[in-house]
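A.B. asks: Sequence:
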Amino acid sequence: MRILNLLLAALLCSLTYAQDLQVMSYNIKYDNTSDSVNNWENRKTFLTSQLNYYDADIIGTQEGLHHQLEDIKAALDRYDYVGIGRDKGNTEGEYSAIFYNTQQVEVLKQGTFWLSPTSDKPSKGWDAALNRICTYALFKDKDTDHSFWVFNTHFDHKGETARLESSKLILQKINEVNTDNKAVVLTGDFNLTDQQQGIRIITSQMVDTHKAAGDNAFGPKGTFNGFHFEKPVTDKIDYVFISEGGFKVLKSGILSDSQDCKYPSDHFPVLVDLDFK
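Just so you know, the sequence shown maps onto residues -18 to -1, 1 to 259 in mature numbering (1 follows the signal peptide of the UniProt record, and there is no 0).
It is worth saying that the hints were derived from the structure and are not from the lab.
Errors might be hidden in some of the hints.
[As the list claims (entries may be wrong)] Here are the computed distance ranges between Cβ atoms for each label pair:
1) Asn163 x Thr27: 37 to 47 Å
2) Thr27 x Asp162: 41 to 51 Å
3) Ser238 x Asp125: 25 to 35 Å
4) Asp17 x Leu112: 10 to 20 Å
5) Tyr36 x Asp125: 12 to 22 Å
[Said to hold, decoys possible] Straight-line C-alpha distance at most 27 Å; calculated BS3-like pairs for lysine-lysine:
6) Lys230 x Lys124
7) Lys150 x Lys103
8) Lys150 x Lys106
9) Lys140 x Lys106
10) Lys124 x Lys91
11) Lys233 x Lys124
12) Lys155 x Lys140
13) Lys55 x Lys244
14) Lys259 x Lys230
15) Lys70 x Lys26
Computed from a predicted structure; not experimentally measured.
For every residue, glycine included, the Cβ atom is placed at its ideal position computed from N, Cα and C.
Can you make the complete structure from the sequences, with help from the hints?
C.D. replies: In structure tokens:
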């Protein structure tokens, strides 16, 4: 009986401290007034209610302008975000902001670098059409005290060399900051399919969680819908990667929610459930 009680106590303890982490990558589409019916004012209520419903612990966003991020923060009162604009390192231009649930995790460190040979200052790299950045932060889970890094980025849509070199640079930066080998999550819109070299470089050191989910992967094949509700979505360019050994992938979903035959963004979010190892 005493042994049984000890086993039950151990089981309850493990259930108490076992904690999964929900991570989302979401290109929310920058506020472009020429988007007509798909402009931000028409999308933001549904998009923020979508975020509120899925209640992820970490949300790596792409393309958000400062006022869009503030709209999201105002609608989700338990969330805050880290990041800066890509144009000048302040509030100008698109962010690669990381939202986080303040009730679940806290920020220990944060930073941003540019995807260029001069990564410490606002700059455009290689053959890129635009400035591109990667925002990162060290988080601590409040329930388990596990600490982990999150890197979030948006690769250039035109520069092939820029995308290739950006993959190499991000892996280099991860290795530079992660000196004590903590678990790492990398989210983003990479403007690359998984057959292209830039993604293969990343998966040489990290794990594509949607593939790792196996039978527990859900949703359409692609993530870029272009606001075309009537067309199949086949281009997967948004990902959540993890370092090997830090997490177990429980499930992954590409979320194709719509309202009145309209999507909240021109990309579908990717939502992954992870378990700390």
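A.B. asks: Each hint should be assessed against the structure and marked as holding or not.
C.D. replies: Structure-based check of all given hints:
{"no.": "1", "hint": "Asn163 x Thr27: 37 to 47 Å", "verdict": "42 Å, holds"}
{"no.": "2", "hint": "Thr27 x Asp162: 41 to 51 Å", "verdict": "42 Å, holds"}
{"no.": "3", "hint": "Ser238 x Asp125: 25 to 35 Å", "verdict": "31 Å, holds"}
{"no.": "4", "hint": "Asp17 x Leu112: 10 to 20 Å", "verdict": "18 Å, holds"}
{"no.": "5", "hint": "Tyr36 x Asp125: 12 to 22 Å", "verdict": "19 Å, holds"}
{"no.": "6", "hint": "Lys230 x Lys124", "verdict": "19 Å, holds"}
{"no.": "7", "hint": "Lys150 x Lys103", "verdict": "18 Å, holds"}
{"no.": "8", "hint": "Lys150 x Lys106", "verdict": "16 Å, holds"}
{"no.": "9", "hint": "Lys140 x Lys106", "verdict": "12 Å, holds"}
{"no.": "10", "hint": "Lys124 x Lys91", "verdict": "15 Å, holds"}
{"no.": "11", "hint": "Lys233 x Lys124", "verdict": "22 Å, holds"}
{"no.": "12", "hint": "Lys155 x Lys140", "verdict": "23 Å, holds"}
{"no.": "13", "hint": "Lys55 x Lys244", "verdict": "23 Å, holds"}
{"no.": "14", "hint": "Lys259 x Lys230", "verdict": "6 Å, holds"}
{"no.": "15", "hint": "Lys70 x Lys26", "verdict": "26 Å, holds"}
In summary, this structure violates none of the numbered hints.
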